[in-house]
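Residue numbers (this note's numbering), protein chains in the order written: chain A, 13 to 310; chain B, 1048 to 1316.
Certain hints may be false.
Stated by the list, open to error - Just the calculated beta-carbon pair ranges, DEER-fashion:
| id | chain 1 | residue 1 | chain 2 | residue 2 | range |
| --- | --- | --- | --- | --- | --- |
| 1 | B | Ser1076 | A | Leu27 | 39 to 49 Å |
| 2 | B | Thr1121 | A | Met230 | 30 to 40 Å |
| 3 | B | Val1179 | A | Ala31 | 28 to 38 Å |
| 4 | A | Val131 | B | Thr1072 | 31 to 41 Å |
| 5 | A | Val131 | B | Glu1092 | 50 to 60 Å |
| 6 | B | Ala1133 | A | Ile29 | 20 to 30 Å |
Stated by the list, open to error - Residues of chain A placed beyond 12 Å of chain B at every Cβ, according to the derived structure:
| id | residue |
| --- | --- |
| 7 | Ala125 |
| 8 | Met137 |
| 9 | His299 |
| 10 | Leu302 |
| 11 | Asn303 |
For the record, the hints were derived by calculation from the structure and aren't laboratory data.
Cβ coordinates follow ideal geometry from the N, Cα and C atoms, glycine included.
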Amino acid sequence: MQNKLQVDKAVRTVLLISASLSIVIVVSIFIFIFRSSLPAFKEFGVQGLLGELTWRPANGSFGILAMIVGSVMVTLMALVIGVPLAIATAIFLAEIAPRGVQAVVRPAVQLLAGIPSVVYGLFGMVVLVPLIRRIPVAGNSGYGLLSAAIVLAVMILPTITSISEDAIRAVPRAYTEASLALGATHLQTIFQVLLPAGKSGIVAALILGIGRALGETMAMIMVIGNSVILPAPLNDNPLTVFLSQARTLTGNIAVEINYASGLHASALFATGVVLFMLIMIVNVSAHAFLNRSNALAN
Amino acid sequence: MRKSIVVVFLLAGLLLSACGAAGETGTLSITGSTTVQPLAEKLAESFMSSNPDVQIDVQGGGSSVGVKAAGEGTSDIGMASREVKAEELAQFKNMQVHVIARDGIAIVVNPENSVNDLSLDQIRDIFSGKIVNWSEVGGADAAITVVAREEGSGTRDAFMEMVMGKDALILDNAILQSSNGAVRTVVSTTPNAIAFLSFGYLDESTKALSIGGAAPTEENASSGVYPVVRPLNLLTDGAPEGLVKAFLDFVLSADGQAMVREEGYIPVK
Chain A
13 MQNKLQVDKA VRTVLLISAS LSIVIVVSIF IFIFRSSLPA FKEFGVQGLL GELTWRPANG
73 SFGILAMIVG SVMVTLMALV IGVPLAIATA IFLAEIAPRG VQAVVRPAVQ LLAGIPSVVY
133 GLFGMVVLVP LIRRIPVAGN SGYGLLSAAI VLAVMILPTI TSISEDAIRA VPRAYTEASL
193 ALGATHLQTI FQVLLPAGKS GIVAALILGI GRALGETMAM IMVIGNSVIL PAPLNDNPLT
253 VFLSQARTLT GNIAVEINYA SGLHASALFA TGVVLFMLIM IVNVSAHAFL NRSNALAN
Chain B
1048 MRKSIVVVFL LAGLLLSACG AAGETGTLSI TGSTTVQPLA EKLAESFMSS NPDVQIDVQG
1108 GGSSVGVKAA GEGTSDIGMA SREVKAEELA QFKNMQVHVI ARDGIAIVVN PENSVNDLSL
1168 DQIRDIFSGK IVNWSEVGGA DAAITVVARE EGSGTRDAFM EMVMGKDALI LDNAILQSSN
1228 GAVRTVVSTT PNAIAFLSFG YLDESTKALS IGGAAPTEEN ASSGVYPVVR PLNLLTDGAP
1288 EGLVKAFLDF VLSADGQAMV REEGYIPVK
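Please model the entire structure based on the sequences and the hints provided.
Right, here's the structure in full:
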């Protein structure tokens, strides 16, 4: 008896340690990145790093504003392209598709999540970029925000689709029955009852998609052009801003860390701190929404 | 019986120690350019396999790090894929520069491009954004897409030094890629692209241009007719001695220079 209790206690301790390990890892990564970025923050200040556009390590300018704008723009564009597609797929899978079709579509969407990002990048580089280059605008190289956003939209599709589908399925059966009993059609029920009821879950799905998009590196390096410029229209038509090249925060680190030393390396770690903060904010808000939607479902 | 075993062991021991005395012993640290690094690693591997008691550590960091490491004595040997600058030589007065290989930098375009030759001035104006259309240099009427390496790359540093000069900068909206291989892929898939590539990466997927009439060939690069050639240097603080000297001698030997050629660079001997 006594022995069993001791085993119980030991196992509990082991489980606790395993669970705490990830917290320890996250905290130590943050401490490491933050400490390595301190020299750059001391030298240039928060304003000098986050508020400056010029990034020329050889001349001692380390402004990462252009990269912040690049990351935010490509993420927003990916959401605009990917979210309608993802939510439509989620509705289709949860409400409309017969079982047989579901059995084909769901694994196909989930398979997208398993493709390595370098493969997405390669596909973008040899298929998408040449297509985008056909848009007849002077200075359009094909590499840029639009190509990157399309690749990214496909990459965030599985995350948003599966969590949104779960959110729609979690809406109590009684809601659907009540809506149909009141004479609403199936489509009316979907758009006016199911989607509003599953709202917090869907929003959480979007936020997780944003996190995935902000963190994507390899595929972005391969198609976005990596020029350190504030995205700007190529001619008088403001829409051509989407053909502009850009660089993401993740790309900045990955492209330059190989040769960086001293302040340059420290400024790259500062880029990492900014990225870390952005993704923390995104994840914390995703969890807040998920908790709310779980509370509602119960 | 037992005696004879002891004798055999003694003999074997003598033999082994004799072998050891013939080879070099000790450790050697090499730091610097990531262009020279793969070559230095190959050379070090080969040197270590013929001298089993030697341990050589090769680290990257870039040419500037290599100069500093050798000058300050934190490494036995520094690597640089560019000329050592005058101010660096002034700072580290005892530094000795050993050229172990040369590497040409080719200006490449897409194979569909009709342009075959550019002058150094034209190349500078294209990369700095003064010339923006291929028709200005005798090509088709199409906007030029400039592709370059990222800041800190040794190939970029060498290109900046030999082609761009002191004041010209590569234009801001150049497409940047972080390796020679990625640059080559972009140029081979982008009709109006231009870029610079190490000779080691040339193949039929891109077209290397002549510069002022000089074709980008190994002969032209080693004779000095082709203008954009950089040295790959090993640097030592003072005259090399002992193990450092043995390694440098090996690098400049016929075997070492054969490995230089294998890696796609131009031997110096």
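We went through each hint and held it up to the structure:
1. As the Cβ distance of Ser1076/B to Leu27/A is approximately 45 Å, the hint placing it in 39 to 49 Å holds.
2. For Thr1121/B paired with Met230/A, a C-beta distance near 33 Å keeps the hint of 30 to 40 Å intact.
3. Separation of Val1179/B from Ala31/A is about 58 Å and departs from the stated range, judged on CB atoms against 28 to 38 Å.
4. The hint said 31 to 41 Å for the Cβ distance between Val131/A and Thr1072/B, and at roughly 48 Å that hint is violated.
5. Distance hint for Val131/A and Glu1092/B: a CB-CB separation of about 32 Å, inconsistent with the stated range 50 to 60 Å.
6. Hint check: Ala1133/B to Ile29/A, Cβ distance near 59 Å, so the stated range 20 to 30 Å is violated.
7. At roughly 25 Å from the closest C-beta of chain B, the C-beta of Ala125/A stays outside 12 Å, upholding its exclusion from the interface.
8. Some Cβ of chain B comes within 12 Å of the Cβ of Met137/A; the nearest lies about 7 Å off, and the non-interface call is violated.
9. Remark: the non-interface label on His299/A is consistent with the geometry, its nearest Cβ contact in chain B lying 34 Å away (cut-off 12 Å).
10. The claim that Leu302/A is not at the interface with chain B holds, since no C-beta of that chain comes within 12 Å of its own (minimum 37 Å).
11. Residue placement check: Asn303/A keeps its beta carbon more than 12 Å from all beta carbons of chain B (closest about 40 Å).
Consistency note: the structure conflicts with the earlier hints numbered 3, 4, 5, 6, 8.
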